[in-house]
Amino acid sequence: MKKVIMGNHALSWGAQLGRAQVIAAYPITPQTQVVELLSEMCASKTLDAKFIKVESEHSAMAACIAASIAGARTFTATSAQGLALMHELLHWASGGRNPVVMGNINRAMAPGWSIWTDQNDSLSQRDTGWIQFYCSSNQEVMDTVVQAFRVSEELMIPSMVILDAFALSHTYEVVDIPDQDKVDGYLPPFKPPVRLTPSDPHAFGGLTSPEHYFELRYKLQKDMEKVPDLVEETGREYEKLFGRYLGQVEDYRCDDAEIIFVTSGTAGYTARVGVDQLRQDGIKAGNLRIKMFRPFPFAKVREILPRAAKVAVVDRNISYGHHGVFYQEVKSALYGRDHDRPPVFGYITGLGGRDIMPETFKEMARMTLAKDKPEEDITWMGVKR
Amino acid sequence: MKDKKKAEKIIFKTEKEVPLMPMSLGSMLYNKTGAWRNIRPVIDLGNCIQCGICWKYCPDVAIYIENEFPVVDLEYCKGCGICAEECPTKCIAMVEEEK
Ligand code: SF4
Ligand code: SF4
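Top line first, the protein sequences correspond to chains A and B. Residue numbers for the first sequence follow the numbering used here, beginning at 1 and rising by one. Residue numbers for the second sequence follow the numbering used here, beginning at 386 and rising by one.
It is worth saying that the hints were derived from the structure and are not from the lab. Since we're looking at a predicted model, the values are computed, not measured. Wrong hints could be hidden among the right ones.
List time: in silico SDA-like cross-link candidates among lysine to any residue, alpha-carbon distance up to 25 Å [as the list claims (entries may be wrong)]:
1. B:441 with A:180
2. B:394 with A:214
3. A:219 with B:397
4. B:401 with A:95
5. A:240 with A:194
6. B:441 with A:197
7. B:394 with A:62
8. A:219 with B:463
9. B:398 with A:240
10. B:417 with A:384
11. B:401 with A:209
12. B:401 with A:380
13. B:417 with A:222
14. B:441 with A:205
15. A:3 with A:171
16. B:401 with A:180
17. B:441 with A:171
18. A:219 with B:409
19. A:219 with B:458
20. A:191 with B:408
21. B:394 with A:194
22. B:441 with B:461
23. A:222 with B:458
24. B:401 with A:195
25. B:463 with A:201
26. A:226 with B:402
27. A:222 with B:409
28. A:384 with A:109
29. B:417 with A:226
30. B:401 with A:129
31. B:441 with B:458
32. A:226 with B:404
For reference, chain B alone in the conformation it holds in the complex (with noise of 0.2 Å):
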């Protein structure tokens, strides 16, 4: 997996650290929107044929490609299913988060 930068919280002691534009602001450094999730994709990477197409579609950008096959980045994928519906093998199966 790509080198993520250290989760921790930007915080800037005074206005003129803060840059001018909203921009960067780190917070999806600390949010970790997988919490969220209460379905979460698994991939048959047997029936997978490296398209790229779940790639592409995630609008939360939690998949990775890693050796040229899908990586879904649990600590951001929202368990939206997009990946499965889009996927031309339906090899992406979405389970039910137990807990």
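If we strip away everything but chain A, and leave its shape as in the complex, we get (with noise of 0.2 Å):
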């Protein structure tokens, strides 16, 4: 079924389609219609699952967290001081392997106060161990709350589907619904290894000493490292069933491409446009966006990046002191290949919702082919100075 819908409704949709269980939320500007549509749809019992009212994001995921250790699917839905708010359960979730699953609209941090679209809010999560996924298109954002289920499920590792403010969130695109019991075909029920129940009575998150703290981070690293095979495993057999592959990157034609745009969200869409209109006049673009940014994709950009002469990193935020978050982190994945490391430079754009325009990328592929290195550490694109 086809229908025409927001991004914050397929976020919904995703959660329906997964029979989330155990919805636990607080709304908060772009988030609500996520909300509102979960409500409507337990209300209306097409969704069969407990809906809690609570009055803080904190207490959106502690109840998410104790309804997942007790055996259930659950779902929640942030964005920017809502997510800050949650941030200590973040912890609690990953620390204590629940696998729940979070839409999260980037929205910039106030203050300025700011309803408008930044990724400043999760990549400020980056080291609570999540995976996250940043969408570019709504139907990406149905079919990959759907996938983070089977992923963060089979692993038990919280994943947070992550899309821009607006640019999406509000934005209505055509989304193919997938049938239900096709759904049920890829997405098993949840059935975790332990849970809280009387009959089997444990202790969770209680005190760990010295002796045992440390193998527990161990064993949530050695599962974070199995998220990108399984992304790949779990995106393939979604692309049998429903026709769209969902993988850790989108590679749009890097194959001959003298400079390669590294992009997030909305802005990788955008860059494809501009892609298409560099090489009409000539110079040959590429574009890789990182759609799973935790775990990072480190086999697939050092797999594509170089093989262009330039590379150049789109950050839609900015790592105060250091330089943008993307940046820093294809950097470091290129770091000791100095046989096939083309150059990086660093672009900040779009900042609290300013637009990243198709003429924004003919702008930075022309400032990267014009220099041999970058000249500055990080380059604002666009900043009235």
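Put the two chains together into one complex; each comes in its own frame, and the hints tell you how they fit.
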């Protein structure tokens, strides 16, 4: 069934198709419609889930964690300040190995108070041990929620499905919504290895001495390292069933490119238009959209980027006192590969919802191709100075 | 009193033995929180109406019901006084620990 829906509703549809059993959420602009539709789905019983109203995002995540420990498939969604308020519980979910799936709408952090998009909210949660997927279309949002349940539950690691405020959250697109029974074939019911139940009582998350804490963290990292292969495998399986591949990265016209942009989110969609226009002008551009940011897709990045003479990383975020976060990560992925490492240029753009246009990509290509190496550590595109 | 596991430290030899989720690592078997206490609940069973409120309220699960009457497990009771506060007949006194 094809429907024209907004990005936020694509998250709700994903949760319904995934048969989420417990939903606890607190509304925040620009996420509100995710929760609105989910509460309607629960009320009309198209989704057989317990909807828990809570007084804060911290409580929303706490409720999801508890329900997950009890063996329920759980879903929530938030944005920016709400995600920041959840921070402590994000560690509880990953450290406790509770495969909660959460939608996050990328919204710039206040102050100055903003409801528009950038990635500093979710990238600030980089080291919490959550899998992070950055989406660039409503279809991808819906599909990724279903895949995220599968990946998270298989490895017992929570996932964040991320989309840009307004550029995706409130943008209406055609989304192909698959049949429920076909999705059921792809995503089996959640069966955790252990769960909280009176018949087998356990204390969860109790005091852990230096004797064992270290090993718990080792195991989380080792399982995190299994995510890329599992995403590949489940993404191919999804493609077989539904015709849409869900991978770690999207490689657009990179094969013969002289310059490759590294992008994420909706900027990765705009980049394709920029790449096409540049090619019309005779510049061989390509785009590597990083969909899965955590764990970082090292193998894909190392395989694709050395094809080009130059790389331009486009960051809609800033790690104050360092560089753009994707820029840092791409450079670290290429470290030590001196024989095939193209110069990497870092651009900051689009903070606080400022538009990133195809022209922005043309300008970045011009600047990148004009120099052998970056003139500044980071280049701020379009800042008024 | 309820059968308790032997107070022995659980030590896993390899990471493979450590449970995936941090659970039931047994730290409370040897971490006797009763040592933190400076006042202790003393129950006057003559006035106890066997309501079980103290059992329900104790945050440390340090009260057991034995032969229908409450018994404090002093190995774990931290002496918070919640049981004494909640007891409807006020038959629990909090008494200074000596030594
Ligand atoms: S004093 Fe506190 S810890 Fe001790 S039995 Fe009473 S309620 Fe429990
Ligand atoms: S609360 Fe007081 S009366 Fe009730 S069982 Fe405990 S000691 Fe007895």
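Hint check:
Using a Cα cut-off of 25 Å, the hinted pair residue 441 of chain B and residue 180 of chain A is violated, with the two alpha carbons roughly 45 Å apart. Between residue 394 of chain B and residue 214 of chain A the CA atoms are separated by roughly 17 Å; this keeps the pair inside 25 Å, and the hint holds. With a CA separation close to 14 Å, the supplied pair residue 219 of chain A and residue 397 of chain B stays within the 25 Å bound. A C-alpha spacing of about 16 Å is found between residue 401 of chain B and residue 95 of chain A, which places the hinted pair at or below 25 Å, so the restraint holds.
For the hint pairing residue 240 of chain A with residue 194 of chain A, the CA-to-CA distance comes to about 32 Å; that exceeds 25 Å, so the pair is violated. A distance of roughly 19 Å separates the Cα atoms of residue 441 of chain B and residue 197 of chain A; the hinted pair therefore holds under the 25 Å criterion. Between residue 394 of chain B and residue 62 of chain A the alpha-carbon distance is near 30 Å, which puts this suggested pair outside the 25 Å criterion. A hinted pair counts as satisfied when its Cα atoms are at most 25 Å apart, and residue 219 of chain A with residue 463 of chain B does not qualify at roughly 34 Å.
About 43 Å separates the Cα atoms of residue 398 of chain B and residue 240 of chain A, which puts this hinted pair outside 25 Å; it is violated. The hinted pair formed by residue 417 of chain B and residue 384 of chain A fails the criterion: a straight-line CA distance of about 63 Å is larger than 25 Å. Taking the CA atoms of residue 401 of chain B and residue 209 of chain A, the gap is about 17 Å. The hint holds against a cut of 25 Å. Of the supplied pair hints, the one linking residue 401 of chain B and residue 380 of chain A is violated, its CA atoms being roughly 48 Å apart against a limit of 25 Å.
For the hint pairing residue 417 of chain B with residue 222 of chain A, the CA-to-CA distance comes to about 34 Å; that exceeds 25 Å, so the pair is violated. For the suggested pair residue 441 of chain B and residue 205 of chain A, the alpha carbons sit about 22 Å apart, so the restraint of at most 25 Å is met. Among the hinted pairs, residue 3 of chain A with residue 171 of chain A is consistent with the structure: their alpha-carbon atoms are about 13 Å apart, no more than 25 Å. Restraint check for residue 401 of chain B and residue 180 of chain A: the C-alpha separation of about 37 Å exceeds 25 Å, so the hint is violated.
Distance check on the hinted pair: residue 441 of chain B and residue 171 of chain A sit about 52 Å apart at the alpha-carbon level, beyond 25 Å; violated. This hinted pair checks out: residue 219 of chain A and residue 409 of chain B have alpha carbons roughly 17 Å apart, not beyond 25 Å. About 36 Å separates the Cα atoms of residue 219 of chain A and residue 458 of chain B, which puts this hinted pair outside 25 Å; it is violated. For a cut-off of 25 Å, the pair hint linking residue 191 of chain A to residue 408 of chain B stands: about 17 Å separates their Cα positions.
For the hint pairing residue 394 of chain B with residue 194 of chain A, the CA-to-CA distance comes to about 22 Å; that is within 25 Å, so the pair holds. Our distance criterion of 25 Å between C-alpha atoms is met by residue 441 of chain B and residue 461 of chain B, whose separation comes to about 15 Å. About 41 Å separates the Cα atoms of residue 222 of chain A and residue 458 of chain B, which puts this hinted pair outside 25 Å; it is violated. Annotation: proposed proximity of residue 401 of chain B to residue 195 of chain A holds, straight-line Cα distance about 19 Å (limit 25 Å).
For the hint linking residue 463 of chain B to residue 201 of chain A, the alpha-carbon distance of about 23 Å falls within 25 Å, and the restraint holds. For the hint pairing residue 226 of chain A with residue 402 of chain B, the CA-to-CA distance comes to about 19 Å; that is within 25 Å, so the pair holds. Restraint check for residue 222 of chain A and residue 409 of chain B: the C-alpha separation of about 22 Å stays at or below 25 Å, so the hint holds. With a CA separation close to 20 Å, the supplied pair residue 384 of chain A and residue 109 of chain A stays within the 25 Å bound.
Between residue 417 of chain B and residue 226 of chain A, the direct Cα distance comes to roughly 39 Å. Violation of the 25 Å bound is thereby established for this hinted pair. This hinted pair checks out: residue 401 of chain B and residue 129 of chain A have alpha carbons roughly 20 Å apart, not beyond 25 Å. Using a Cα cut-off of 25 Å, the hinted pair residue 441 of chain B and residue 458 of chain B holds, with the two alpha carbons roughly 14 Å apart. A C-alpha spacing of about 18 Å is found between residue 226 of chain A and residue 404 of chain B, which places the hinted pair at or below 25 Å, so the restraint holds.
Hints 1, 5, 7, 8, 9, 10, 12, 13, 16, 17, 19, 23, 29, counting from the list given before, are not met by this structure.
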